[in-house]
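Undergrad: This is what each chain is made of:
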Amino acid sequence: MVIRKEVALADIVVPPLGEVEEVRVVRWLHEVGDEVQAGEAVAEVESQKATFVIEAPVAGKLFAILVPEGRAAAPGEVIGKILEREGER
Amino acid sequence: MREVSWVPLGRVRFGKALELQRRLHHLRRYGKVPDLVLSLEHDPVITLGRSADPRHILGDPAALVASGVEVVEVERGGDVSYHGPGQLVLYPILDLRGFERSIKWYIWALEEVMLRVVASYGIRAGRLPGRPGIWVGKGKLGAVGVYVRSWVTMHGLALNVSPQLDHFRWIVPCGIHGAEVTSIAALLGREVPLEEVDERARDAFAHVFGVRVAPTDVEVVTE
Numbered sequence: 001m002v003i004r005k006e007v008a009l010a011d012i013v014v015p016p017l018g019e020v021e022e023v024r025v026v027r028w029l030h031e032v033g034d035e036v037q038a039g040e041a042v043a044e045v046e047s048q049k050a051t052f053v054i055e056a057p058v059a060g061k062l063f064a065i066l067v068p069e070g071r072a073a074a075p076g077e078v079i080g081k082i083l084e085r086e087g088e089r
Numbered sequence: 001m002r003e004v005s006w007v008p009l010g011r012v013r014f015g016k017a018l019e020l021q022r023r024l025h026h027l028r029r030y031g032k033v034p035d036l037v038l039s040l041e042h043d044p045v046i047t048l049g050r051s052a053d054p055r056h057i058l059g060d061p062a063a064l065v066a067s068g069v070e071v072v073e074v075e076r077g078g079d080v081s082y083h084g085p086g087q088l089v090l091y092p093i094l095d096l097r098g099f100e101r102s103i104k105w106y107i108w109a110l111e112e113v114m115l116r117v118v119a120s121y122g123i124r125a126g127r128l129p130g131r132p133g134i135w136v137g138k139g140k141l142g143a144v145g146v147y148v149r150s151w152v153t154m155h156g157l158a159l160n161v162s163p164q165l166d167h168f169r170w171i172v173p174c175g176i177h178g179a180e181v182t183s184i185a186a187l188l189g190r191e192v193p194l195e196e197v198d199e200r201a202r203d204a205f206a207h208v209f210g211v212r213v214a215p216t217d218v219e220v221v222t223e
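So the protein sequences, as listed, match chains Y and D. Using my numbering, you'd call the opening residue of the first sequence number 1 and step up by one each time. Using my numbering, you'd call the opening residue of the second sequence number 1 and step up by one each time.
Bound conformation, chain Y alone:
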């Protein structure tokens, strides 16, 4: 018998960076399917001359990249999703 467990998708969000309206995703440090730890660097965004590292909000599997490298995103925008590892919450 299969017991279905609830799965949760956590958002990878560009945080408020202080009066920055737009950033560019310059690098994804993982591929979809990779395991990531909570707090691990998953992506880098750039605004003007600043690189800002986005960290994984939870441990799990990188489930989706919504904003690919080279594309723009706004602070607050969800750029990817992580499939949370069970029992991590």
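Don't read these hints as lab results, they were simulated from the structure. One thing to keep in mind: the hints can contain errors.
[Said to hold, decoys possible] Under the rule of at most 20 Å between Cα atoms (straight-line distance), these lysine to any residue pairs were calculated in the SDA-like manner:
no. : chain 1 : residue 1 : chain 2 : residue 2
1   : D       : Lys104    : Y       : Pro15
2   : Y       : Lys81     : Y       : Ala10
3   : D       : Lys104    : Y       : Ala73
4   : Y       : Lys81     : Y       : Val7
5   : D       : Lys16     : D       : Val220
6   : D       : Lys104    : Y       : Val26
7   : D       : Lys104    : Y       : Val20
8   : D       : Lys32     : Y       : Gly39
9   : D       : Lys104    : Y       : Val13
10  : D       : Lys104    : Y       : Glu77
11  : D       : Lys32     : D       : Arg2
12  : Y       : Lys61     : Y       : Asp34
13  : D       : Lys104    : Y       : Ala74
14  : D       : Lys104    : Y       : Pro75
15  : D       : Lys32     : D       : Thr216
16  : D       : Lys104    : Y       : Arg24
17  : D       : Lys104    : Y       : Gly76
18  : D       : Lys104    : Y       : Glu19
19  : D       : Lys104    : Y       : Glu22
20  : D       : Lys104    : Y       : Glu21
21  : D       : Lys104    : Y       : Ala72
22  : D       : Lys104    : Y       : Gln48
23  : D       : Lys32     : Y       : Glu40
24  : Y       : Lys81     : Y       : Arg24
25  : Y       : Lys61     : Y       : His30
26  : D       : Lys16     : D       : Val33
27  : D       : Lys32     : D       : Glu223
28  : D       : Lys138    : Y       : Gln48
29  : D       : Lys104    : Y       : Val53
30  : Y       : Lys81     : Y       : Gly33
31  : D       : Lys104    : Y       : Gly18
32  : D       : Lys104    : Y       : Pro16
33  : D       : Lys16     : D       : Glu219
Please build the complex by placing chain D on the supplied structure of chain Y, with the hints as guidance.
TA: Positioned in the frame of chain Y, the structure of chain D alone reads:
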């Protein structure tokens, strides 16, 4: 008043300074070292930031490397930069949560430090919208490029005190074609000692960041 350690390193190869920066950045994120600023000058080096276009290196890379110029990819934002002797380089490793959680403010503050230093020599430099750094007319006098993780910074600013300006012909500075590069020495028509500029930068940094700056040996910070 908050204190920031000011760590003079003298002349350092880029790779060595980068290793130290990465180590200190890591330690700062875990609260193992205080806020600090590395102050140094580099041997000739061309660095490629995250958005660098390798075509913006104009010299033959093999010839450059053969003549002792390092070419290094780095994590800071921005395009291609040149660093070399006669340039004051500051690498602040700060937890911005103790200042302002704002990238824009931080870039502004680094520019402000440079503007104050050059103003103390009677040079009126300014900002150009959309082109971080400080400028005198079309000439770039100082550059910024930073990396921020968990609100802890690394990389920083480079102020042209008296570098060999022809070395900048090896690159397209910041990827801007037609951009010119200038220096404090070129604008004043005399040599300016780097130590003197470092002292003024210390004062300017203290003022802009609202901190007390304490000269500190690197061994003290890393032990």
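Undergrad: It remains to establish, for every hint, whether it holds in the given structure.
TA: Hints and how they fare:
{"no.": "1", "hint": "D/Lys104 with Y/Pro15", "verdict": "14 Å, holds"}
{"no.": "2", "hint": "Y/Lys81 with Y/Ala10", "verdict": "6 Å, holds"}
{"no.": "3", "hint": "D/Lys104 with Y/Ala73", "verdict": "16 Å, holds"}
{"no.": "4", "hint": "Y/Lys81 with Y/Val7", "verdict": "12 Å, holds"}
{"no.": "5", "hint": "D/Lys16 with D/Val220", "verdict": "18 Å, holds"}
{"no.": "6", "hint": "D/Lys104 with Y/Val26", "verdict": "18 Å, holds"}
{"no.": "7", "hint": "D/Lys104 with Y/Val20", "verdict": "7 Å, holds"}
{"no.": "8", "hint": "D/Lys32 with Y/Gly39", "verdict": "18 Å, holds"}
{"no.": "9", "hint": "D/Lys104 with Y/Val13", "verdict": "19 Å, holds"}
{"no.": "10", "hint": "D/Lys104 with Y/Glu77", "verdict": "18 Å, holds"}
{"no.": "11", "hint": "D/Lys32 with D/Arg2", "verdict": "16 Å, holds"}
{"no.": "12", "hint": "Y/Lys61 with Y/Asp34", "verdict": "5 Å, holds"}
{"no.": "13", "hint": "D/Lys104 with Y/Ala74", "verdict": "14 Å, holds"}
{"no.": "14", "hint": "D/Lys104 with Y/Pro75", "verdict": "13 Å, holds"}
{"no.": "15", "hint": "D/Lys32 with D/Thr216", "verdict": "16 Å, holds"}
{"no.": "16", "hint": "D/Lys104 with Y/Arg24", "verdict": "15 Å, holds"}
{"no.": "17", "hint": "D/Lys104 with Y/Gly76", "verdict": "16 Å, holds"}
{"no.": "18", "hint": "D/Lys104 with Y/Glu19", "verdict": "6 Å, holds"}
{"no.": "19", "hint": "D/Lys104 with Y/Glu22", "verdict": "12 Å, holds"}
{"no.": "20", "hint": "D/Lys104 with Y/Glu21", "verdict": "10 Å, holds"}
{"no.": "21", "hint": "D/Lys104 with Y/Ala72", "verdict": "17 Å, holds"}
{"no.": "22", "hint": "D/Lys104 with Y/Gln48", "verdict": "9 Å, holds"}
{"no.": "23", "hint": "D/Lys32 with Y/Glu40", "verdict": "19 Å, holds"}
{"no.": "24", "hint": "Y/Lys81 with Y/Arg24", "verdict": "18 Å, holds"}
{"no.": "25", "hint": "Y/Lys61 with Y/His30", "verdict": "10 Å, holds"}
{"no.": "26", "hint": "D/Lys16 with D/Val33", "verdict": "19 Å, holds"}
{"no.": "27", "hint": "D/Lys32 with D/Glu223", "verdict": "10 Å, holds"}
{"no.": "28", "hint": "D/Lys138 with Y/Gln48", "verdict": "19 Å, holds"}
{"no.": "29", "hint": "D/Lys104 with Y/Val53", "verdict": "15 Å, holds"}
{"no.": "30", "hint": "Y/Lys81 with Y/Gly33", "verdict": "11 Å, holds"}
{"no.": "31", "hint": "D/Lys104 with Y/Gly18", "verdict": "6 Å, holds"}
{"no.": "32", "hint": "D/Lys104 with Y/Pro16", "verdict": "11 Å, holds"}
{"no.": "33", "hint": "D/Lys16 with D/Glu219", "verdict": "15 Å, holds"}
In summary, this structure violates none of the numbered hints.
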